[in-house]
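Participant: Dock chain B against chain A, hints included.
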Amino acid sequence: DTGVSQNPRHKITKRGQNVTFRCDPISEHNRLYWYRQTLGQGPEFLTYFQNEAQLEKSRLLSDRFSAERPKGSFSTLEIQRTEQGDSAMYLCASSLRVSSTDTQYFGPGTRLTVL
Amino acid sequence: DQQVKQNSPSLSVQEGRISILNCDYTNSMFDYFLWYKKYPAEGPTFLISISSIKDKNEDGRFTVFLNKSAKHLSLHIVPSQPGDSAVYFCAATVGTASKLTFGTGTRLQVTL
Chain A
1 DTGVSQNPRH
11 KITKRGQNVT
21 FRCDPISEHN
31 RLYWYRQTLG
41 QGPEFLTYFQ
51 NEAQLEKSRL
61 LSDRFSAERP
71 KGSFSTLEIQ
81 RTEQGDSAMY
91 LCASSLRVSS
101 TDTQYFGPGT
111 RLTVL
Chain B
1001 DQQVKQNSPS
1011 LSVQEGRISI
1021 LNCDYTNSMF
1031 DYFLWYKKYP
1041 AEGPTFLISI
1051 SSIKDKNEDG
1061 RFTVFLNKSA
1071 KHLSLHIVPS
1081 QPGDSAVYFC
1091 AATVGTASKL
1101 TFGTGTRLQV
1111 TL
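Chains as they are written, first to last, in the numbering used here: chain A, 1 to 115; chain B, 1001 to 1112.
This is chain A alone, in the form it adopts within the complex (with noise of 0.2 Å):
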């Protein structure tokens, strides 16, 4: 097994148009998380699944953002009506959760820049 994936590396559109991200996480592993990052942060928390349970979305995730993770393998992440400040890198990352704690190991991320 080679990591997490994500598909695109890099999506530029217009505003208002719709894109979608695909992340296949590490096999077995139970948990996805999505983060965004913007320049000159840290990734941002966004949403995170457990098998096909999306169990927290942060308030970052507004109503034109959806997450699914159908079968509790791969998830995908839309953007309908993308806006400028849409633009950000979009990371993915997996973990086993196995205690009280998990080590979560992170995709190549998806560059989305809104013209």
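It should be emphasised that the hints constitute simulated quantities derived from the structure, not laboratory data.
Keep in mind it's a predicted model, so treat the numbers as computed, not measured.
We treat Cβ as the ideally placed atom computed from N, Cα and C, and that holds for glycine.
DSS-like, lysine-lysine: derived pairs with alpha carbons at most 25 Å apart:
| hint | chain 1 | residue 1 | chain 2 | residue 2 |
| --- | --- | --- | --- | --- |
| 1 | B | K1099 | A | K71 |
| 2 | B | K1099 | A | K57 |
| 3 | B | K1068 | B | K1054 |
| 4 | A | K57 | A | K11 |
Taking beta-carbon pairs under 10 Å as the criterion, some of the chain B residues facing chain A (in silico):
| hint | residue |
| --- | --- |
| 5 | K1038 |
| 6 | T1045 |
| 7 | F1089 |
| 8 | T1093 |
| 9 | T1101 |
| 10 | G1105 |
Just a sample of chain A residues kept apart from chain B, beta carbon distances all over 12 Å, derived:
| hint | residue |
| --- | --- |
| 11 | I12 |
| 12 | R15 |
| 13 | Q17 |
| 14 | N18 |
| 15 | E52 |
| 16 | D63 |
| 17 | F65 |
| 18 | E68 |
| 19 | K71 |
| 20 | T76 |
| 21 | E78 |
| 22 | G85 |
| 23 | D86 |
Facilitator: Leaving out everything else, chain B in the frame of chain A:
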């Protein structure tokens, strides 16, 4: 409200010397701390972690120290190597909650 702070945006260290990266936090509920390294155009790579029940954790050239009373942790890299040049993020989490709260990062440059 920045709950995890990395007050030094950049640090330059000579090869072979010690690099010390610092991190402060304000949320006393945080009980698990991690350091990640990030190269340009890549996702963060996990380096080392520490639970609040410990004050030190060591892994090869990397050691993390935790001072709970001061709400401060630090990452020591000895000896520093040119390949260590990257942005380092401190992150924290609360108990069974898994979302990570990150600092803003410190850019480390290791010079020859």
